[in-house]
Every structure is written in structure tokens, then in C-alpha cells.
Amino acid sequence: MKVLVKSGRVVDPANNLDEKLDILIIDGKIVELAPNIDAGDAEVINAAGNIVTPGLIDMHVHLREPGQEYKEDIISGTKAAAAGGVTSVCCMPNTKPVIDNLPIAQFIMNKAKFEGSANVFPVAAISQGQKGEILSEMGELLEGGCVGFSDDGLPVKNGEMMRRALEYASTFGAPVMVHAEEMSLVADGSMNEGYVATELGLKGIPNVAEDCMTARDIMIAELTGGHLHICHVSTKGSLDLIRQAKARGVNVTCEVTPHHFSLTEEAVRGYNTNAKMNPPLRSQEDLEAVHAALADGTVDAIATDHAPHHIDDKNVEFELAANGIVGLETLLPLTLKLVADKVISLSKAISLLTYRPSEILRIDRGTLSVGAIADITIINPNKEWEVTEESLHSKSKNSYFIGYTLKGCALKTLLAGEVVFSRE
Amino acid sequence: MAAEKIEILDQEGVSRAITRIAHEILEKNKGVENLVIVGIRTGGAYLATQLQKKISEIEGKVVPIGSIDITMYRDDFGSRSDLSVGQTDIRFSLSDRKVILVDDVLFTGRTIRAAMDALTDLGRPKNIQLAILVDRGHRELPIRPDYIGRNLPTARNERIDVDFDEQHAPQAVHLIRV
Amino acid sequence: MTFNHKHIIGIKDLTAEELTFILDTSISFKEINRRDIKKVPTLRGKTIINLFFEASTRTRTSFEIAGKRLSADTINISASGSSVVKGETLEDTAKNIQAMNPDAIVMRHHASGASDYLAKRLDCAVINAGDGMHEHPSQALLDAFTIREHKGKIEGLTVAIIGDITHSRVVRSNIYCLTKLGAKVRVAGPGTMLPPGIDKLGCEAYTNIDDAIKGSDVVMMLRIQRERQGAPLIPSVREYSRFFGLTHQRLKLAKENVIVMHPGPINRGVELPTSIADGPQNVILDQVENGVAVRMALLYLACGGEKLQD
Chain Z
1 MKVLVKSGRV VDPANNLDEK LDILIIDGKI VELAPNIDAG DAEVINAAGN IVTPGLIDMH
61 VHLREPGQEY KEDIISGTKA AAAGGVTSVC CMPNTKPVID NLPIAQFIMN KAKFEGSANV
121 FPVAAISQGQ KGEILSEMGE LLEGGCVGFS DDGLPVKNGE MMRRALEYAS TFGAPVMVHA
181 EEMSLVADGS MNEGYVATEL GLKGIPNVAE DCMTARDIMI AELTGGHLHI CHVSTKGSLD
241 LIRQAKARGV NVTCEVTPHH FSLTEEAVRG YNTNAKMNPP LRSQEDLEAV HAALADGTVD
301 AIATDHAPHH IDDKNVEFEL AANGIVGLET LLPLTLKLVA DKVISLSKAI SLLTYRPSEI
361 LRIDRGTLSV GAIADITIIN PNKEWEVTEE SLHSKSKNSY FIGYTLKGCA LKTLLAGEVV
421 FSRE
Chain S
1001 MAAEKIEILD QEGVSRAITR IAHEILEKNK GVENLVIVGI RTGGAYLATQ LQKKISEIEG
1061 KVVPIGSIDI TMYRDDFGSR SDLSVGQTDI RFSLSDRKVI LVDDVLFTGR TIRAAMDALT
1121 DLGRPKNIQL AILVDRGHRE LPIRPDYIGR NLPTARNERI DVDFDEQHAP QAVHLIRV
Chain G
2001 MTFNHKHIIG IKDLTAEELT FILDTSISFK EINRRDIKKV PTLRGKTIIN LFFEASTRTR
2061 TSFEIAGKRL SADTINISAS GSSVVKGETL EDTAKNIQAM NPDAIVMRHH ASGASDYLAK
2121 RLDCAVINAG DGMHEHPSQA LLDAFTIREH KGKIEGLTVA IIGDITHSRV VRSNIYCLTK
2181 LGAKVRVAGP GTMLPPGIDK LGCEAYTNID DAIKGSDVVM MLRIQRERQG APLIPSVREY
2241 SRFFGLTHQR LKLAKENVIV MHPGPINRGV ELPTSIADGP QNVILDQVEN GVAVRMALLY
2301 LACGGEKLQD
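Protein chains in written order, with the numbering used here: chain Z, 1 to 424; chain S, 1001 to 1178; chain G, 2001 to 2310.
Heads up, a few of these hints could be off.
Said to hold, decoys possible - Derived DSBU-like pairs: lysine-lysine, alpha-carbon spacing no greater than 35 angstroms straight-line:
id, chain 1, residue 1, chain 2, residue 2
1, Z, 236, G, 2151
2, G, 2095, Z, 397
3, G, 2068, S, 1126
4, Z, 342, G, 2200
5, S, 1098, G, 2030
6, G, 2120, Z, 407
7, G, 2200, Z, 337
8, G, 2039, S, 1061
9, G, 2030, S, 1053
10, S, 1028, G, 2039
11, G, 2120, Z, 383
12, G, 2038, S, 1053
13, G, 2095, Z, 96
14, G, 2068, S, 1098
Unchecked claim - Sample of chain S residues lacking proximity to chain G, with all beta carbon distances greater than 12 angstroms (derived):
id, residue
15, 1005
16, 1072
17, 1087
Keep in mind the hints are simulated off the structure, nothing from the lab.
Ideal placement from N, C-alpha and C gives every residue a C-beta, glycine not left out.
Start from the sequences and build out the full structure, keeping to the hints where you can.
Written out as C-alpha cells, the structure reads:
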């Protein structure tokens, strides 16, 4: 089986590549990159005028299966990924039951392998049942294909537990991915603390709820030497802490989400429940700090925190609404907007979506090197499209960007050389 | 098309009409005993003041005067865009009084119906008598004035304007024909 | 004047001109409340539903009387507990009520934004009778009416509002209302009860209530919720009362003809002593009386006329 991706602008930051090349794929692997390859009988995909990148990696996705299939499942979630140009997702462990043992992780990986449209790398729970008491069987989970550990959404309160998690995970070289939030400071807040919350009469969540937990976890990482990955950083303070920690050589990485680099707390006005997130949309100052951290290398990855919720979970009073939005299918245009706005270069943007997350996760994806698995995304950077409920492949339609016209999309998504998504 | 404006009564004409009404009221009621005057805001209230003056000139006695706003009693609530409500100002009891209800123009009778409802919510008058400066016809309710300044048959699409000066003294009555 | 708001959700949405129009309209309704026959046929045949998700005696009664004095059919529904607990969503509750074709729903709810939520989903008029910590427009209007009645004007006055500013919808509506009408508003309370960014709503914030009261024309005391005691917000009602309660001595710092207001219900001996609550400066019962007139005006304006927009 031969496939030739022809005449695209190939952007592969891992190999410092940005030029017009053909890519020849044989049996799902990249065998040659060169101008004007003549591959005879190969199936040709014309990529002229478009950008060809390694398949995008989204290291923070909620697939909801098992347990909440009415919101999303592995089939619909990976279909949304493919439509968004994403070939690999990390699924978070807050399923029902929790991904804290190998059989559940295997169920997900098998289902994804045979019925899915993207690679699924499970992130398992730090503690059994996400209860913050007993460590998961990390060794076996990693051996079986999990790529990291997280108690996403339920931060590890106990300092010693976090210490032991980092120590134990480092035994196997795996990252501990934290949702850094001191819950006692979140209290019953439902949006960012500040003027907008005061005006709307909604209880606020201060930046310090995130910052003090980020500080604690960085200090524990420094103590243990373990790899700490901080998820969806939203505040200036936390980014400053991470920047300083990196300068000291602490083994810390972090990700930011498209909604945190695109929106501020102002989006909540009108009690829009699709602007309700955790961590919450922050101030303009924080948004600018996120941009600065993307530009100066403090941020290691862009991840969506794709959080599908049924309409019934969102169509309620603001304070009762579920947190989060779907993000897989708007990841690419929102990231390309950063490029258009000259916050980061195209190559930098692609690196944050490809080989940087693959490094954090230690997975053999994210490059177009010869011999690599041919996960490839072909991007039309100029196509404008309107986000509608119908345009989304996810089961849930809880996007803030419904009704917005965005620029840029995946034209074709190849998974191990096979086209899993194609747009007219 | 420009509107045609025809003068029906000038300042003196209005004054003479009010004088006549005052005499008729006194004659019919045999003086001012138990009499009160209530004008319908805004035109009727202005005329009520004139009427009160005239009566005291003739009789040498001051008749109590009040004004009533009928907005809350109207039957076309819901189809009007102007929602302003005026104030009712009647500082005396209406019970067992003879009420002279004053308005400037009598047309369909709906305003008078509303005013009578408003008055009866404020007490139980001995009777209500209606004084009108201009009766232009086209009644939609069985209402008949007791005192009329001028009878003036009109077409439905015509309009009667009573002009007042800044001191609320009547200046003239015009027929507006579009 | 026209009034083109179908819903009355917050003072923030209203202009100074519209606020003045509501206050002027209320004067006419106040006159009715002092008659022997306290009823006009204005809203005859209209149905108004008081949908209260939160316990309230004063506001509900006030709206009920207002509706009845306008001859509307007023029905009270107390829906206890949140929609989640009840197992029915707010939208379903509201749509069921709308199916019975009311002309207006007066709504009190513990969630900020709940009135806005209903207004976006229902055809009938929605009047906010208090939503969470967001707004309580009828309270602010009756406060403004009472101030105007006693002071003859609002422009140029200094109004000090003291208490739990963070959790008060009354404060937010009052800040908008009074500043739009030209008054200067000061808010004061312990640091735990002053929300961030409150000054950006157009007021000055103080932690020392003497500074807030100094030179004020109006002192408005807020009810302190006893359940906040012991929670991290205040150590005790006793200590709160000592530092944030109104005293005769503190009241002397205000202008000589100061009036004292309270949205009720009063905690006697906590926010203010009985001698002030019943004293010559208090206008607390005037507020209650005026509440009926102002709510009549709101119902009249919401149910009446042709709405040209929203």
C-alpha cells in the first residue's frame, strides 16, 4: 500500500523542516521525503497550496467512555479528533469507572484501535478511584500502554500523596499531570474572581487557587526530581512560577488550552454556560501572560481539555452548569489565529501540537522522520468556515464558538497512512 | 397633504361658553351647595379651573376643585405606546357631593366612561354631571352631556384641538381637517 | 413616554430617563394605595405569577398586593430547592407555567442570572424579584423613590451602604440606580464582604464605616445573614455589630438631616439598635409602603403597551 502526499508545504518542527516536499508512505510508514517523488502506482494525495504536518497530538481529552457515553464515546470522540486534524489523543481517567487499572485502559485502547479514528493513549489515575489515597498500579499501567498519570479535575490534596506519586512515577519515567487547584480557595466559585464576577453576582475563583497549588507541586517536583506536567495553565502567576522553575532546572512542563489563549472572563457575560470552565476563563492580563509564555517557550504544549457535555448539563443556571467545552475541532483554527496574530510562528505552533507533546508523553509520534508512523495532517490554513452544531462531529455541541467563523481547518487526516478524515 | 385648520371658537368665544355653562350649572343646582368640580387631565382640568373662577365671580363662593387622571381606567391598555400616567388630585371626599365632571372635547364617550369609573372608585357621589366645551358627536357609549359649550358635527377623521397658553388658559378651539 | 423593555431584569439595563419615568409613574400608584378603595382596573384580565424559588415574605407580598391593586390575577408559586434537587430543570418549570399563558412572571431565584435565563426563553414578561447576588431592581427603585420623596432629589446626594456587600443583590442594583440618577455611592463592610472590583461599578469602597458615613445624606444598612457567622466571613455577630453596626455616635458623622434605610428584615441590635430603627431618621416603613407603588408601576409598564423592542 503506497500513498504519495504531493506538493504540500511540509512543516515538521522536530526536523526543522519547512519546505515544499512530497512524502512517500509505504505500509503506513514514511519512507521518503523529497521534492518531486515519482512513485508510479502510489495513491496520490494532492496537497498543493496546503500545509502538511505530523498528525496533531492533543494530550488532554475527555472521551467520556466508559460511563458517560451520552456525552461522547470513543468512536465519536476520535472522529471529532480526526476532523480537527488530531491523530493522537490522551484520554483523561475521570471515566466511570475510573481508568485506574489495566483492564479498563485496555478496553479503551482496543476499542480505539478497532473502531476509532485516532490513536488513543490513556492517562491513568494517580490514585485508585481518583480518591487521593492509594497509588494506582503505575508500572503495569505504563507497561500496558498508558502514558501518564493524572487525577484530573480532582486535584491531589494531600502533599505527601503528590510527593509519592511523583517519586513512584519517576521510577518508570512517566509524567504526573496535574490539575493544579487548591479547592478550598475555589470554594463554590463558578467563574474568575474579579470585576465581571462582581457585576454578574457570581462567586469568583481567584488566581491564587491555581497559583498556590502550582507552587506546591513545583516544589515537590523539585524535591523528588519527578516529571511534573501542569495541565491547562490559566494564570500569569502560575506561568511565572513555571518559568522560574524551568530556569532552575526543575523537571516541569505545561500545557495551555485554546480557550485560555483566545477568551477572557468577559465571555461569561450573559451567563453563557459555554464560557464556564475549570480553570475559569481569566482576565485580559492573564490572557496576555499566556501569549507571552507561548512565545518565550514556557509553554510546552497546546491541549484542548476537550470536555463534551450534553445540552442538559449546560442548559441550566450558570452556577449549576458543567465545566468545559468541546475543543478538538476548533483547536487548529484557534491555534492558527495565534500565528496570524504573530504571537508565535507557524513552526512553533505546530511543535506545540506535535513533537513537544510527544516528548512529554514519550510516544513515537509527532514527526515526519523517515521510518516514522505516517500520522499526517493536511491543513488548509485559509479556509473560512462557520462553527455550527451540525459541523461538529463530537456528540456534544458545547462549544463557545458556535456561530463564529474561524479560519483554517484540517483538509485530510491520515492515520498510519490511511485517510481517516477528508473535507470537501 | 397639508392639514386644514378652521377656527371654531376664539378666546372670547371660549370664555362666553364657559360663562354660559357656569350659569346653567348654578341654575340647575340652585347655587353651589354640595357642588364640586373635577376636571379630566389635562384639557378638562384646565377648563375646570376656568369654570371654578367663573362660578366664584358669579356666586362669590369658591367651589372645591380636583383633577382626575383616567389612564389606569382606559380600555385600550395594551395597544398604546405612551405609558405615561398622570396624577389624580382630589383632596376632598366625593361622597354625597354633586360632581361636575369637566372635559374639553366629547367624542366616543370612552374617556367619560373611564372617568366615571375612576370617580366611583374614589367615593359615592350624589350625582355626576358632565360639562363639555365641544361635543363633536360619534358616541360609542350611551353618554350625554349636561352642559355643552358648542355642538359641532364632525367627520370621524377630523380632529378638534383646544389650545391653551402657558398658564393653561384656553385660547381657541380649532377643527383640523386632514 | 414609551417604555420599551419587555423584561425588567436589572437596573444596569435601564437609562436614567427610564428610571426617572418609573419613579414618576410610581407617584400615581402611590396615591391609589392611600384610597379607601385601593384598586384600579388597569390590569384586569392579566395573569401575573409570582414564581419564588427562595423564601421571601416581604417582596412576594408586595408584588402580590401590587398585582391585586391593579386588578390582575396574581398567583403565588413557591418552588423550593434547586432544580437539580427537584428533578425538574428551571426551563421546564418555567415553560410549564408559560403554557398557562400568564402575562408576566415575577421571579425570585437563588442563582445569579436565573431571571435573565428565563427572559431569554419565555414569551411573557419576566420581572426579576432578586436573582442570587446579581440584581434586585424593584428594591433599588423603591429605595430611590423613598430617597427622592424625603430629599426632593437624588442628584448630588451621598449614600452610604453598609454591610455584606459581596452577597447583596440590593447593593448592586442600588449602585447602578443611584449613580445613574446622579448620587455618589459609598459601600462599606469588612474586607471579607467587599467583592473585588466593586469600585468599578461606580462607587467608593470603605472598610471603616465611620469614613463611609461621614457627610452622608442617606445611610442604608444591610441585613447581616446570621448564617455567615462562624463561616470564614465574620467571627461573630457580636463583633460585626461592634465594628459595622450603626450607632447614634456614628450617625452624628452624617449630615444633620440624614435618613436611615434598611431593606429588611432588620436584625435589631445587630445592624442598628432599636432606638435608631424606630428613631426619627428612619424611613424603613416608608420603603415598604413605597415598594407596593413601585412594583405597581413595574407591573403596569411590563404588562402594558406595545413593545417596540426586546
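Point to revise | Hints not upheld, ascending by number | key: Those not satisfied are hints 1, 16, 17.
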